[in-house]
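Peer 1: This is what each chain is made of:
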Amino acid sequence: MHPADSELVARVREGDVEAFAALVERHYRTCLRFAMRMLDDRADAEEAVQDAFVRAFRALPRYDDRNRFGAWLFRILVNRCRTVLARRKSRERLFVPLDVAAELAGPASTPDVEWSVDVQRALMRLRPALREALLLWCVEDLTCEEIARATGVGTSAVKMRVKRARDRMRELLKESHDAREALERDRAGSPA
Amino acid sequence: MHEKLWNEIERDLRREPRMEDGAVADVMSRVRRPDAPPGSPVPEPETPPPPEPHPRRAGS
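Protein chains in written order, with our numbering: chain A, 1 to 192; chain S, 1001 to 1060.
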């Protein structure tokens, strides 16, 4: 049986640095998923995630273990992603979401990759505050209270952001979804 | 219809990325290093930077 996060944190705090590797192993992929979606760039995402872990390690003495370790870690990661976005804004960089979307789609068929590209493109059209709320709530399964702590706003604002983000995503993707469904119907109807 | 569309969006958003070999080792090598890497002061996770202003308000 795997030790709980709280047990690993306690071991790190007692000086067992290597116990931190198990926490990194356990949370790296979800952190990377969030950062890739937020930043739309794998290299920037990897850097933000690595920074977040290093900062979490240094901040462990101040970690309040009444909070979930994963949610606390996301709080640090949200900050790192905001910093990258702010830096990027000043560079006015142009983003092409194809790479992140195609990578996350994995070895999927072409229509699936196209759908993934559309989803990522729609996500990037949301304001960062809506994007982070949507990802933390719908994908990373943080509670409203945890998102409020991670993002520095109240729980009612979190709920509103999630609702707005979902509505906007549906709006942006409806056409693409309808086209995809029509394609599937055609395929099902056509002889093999 | 709304729910079906949303379920497909959520399924796509939940896809997990592959992890690079050595990602954990990279973090651990930085963690074991006693000196702080450049540009990374001690974090204050309890006080995230303020979210960006609302575009309507910021633009007015």
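The set of hints was computed from the structure by calculation and includes no laboratory data. You may find that some hints are simply not true.
Ranges of calculated distance between the beta carbons of each label pair, as one might list FRET restraints [said to hold, decoys possible]:
(1) E1003(S) to G106(A): 32 to 40 Å
(2) E1003(S) to D112(A): 37 to 45 Å
(3) M1(A) to H1002(S): 36 to 44 Å
(4) R1030(S) to R185(A): 21 to 29 Å
(5) A10(A) to R1030(S): 18 to 26 Å
(6) A4(A) to R1018(S): 20 to 28 Å
(7) S156(A) to R1030(S): 33 to 41 Å
(8) A102(A) to H1002(S): 26 to 34 Å
The beta carbon of each residue, even a glycine, is placed where N, CA and C say it ideally should be.
Peer 1: Any hints from earlier that this structure breaks? Give me their numbers in increasing order, please.
Peer 2: 1, 2, 4
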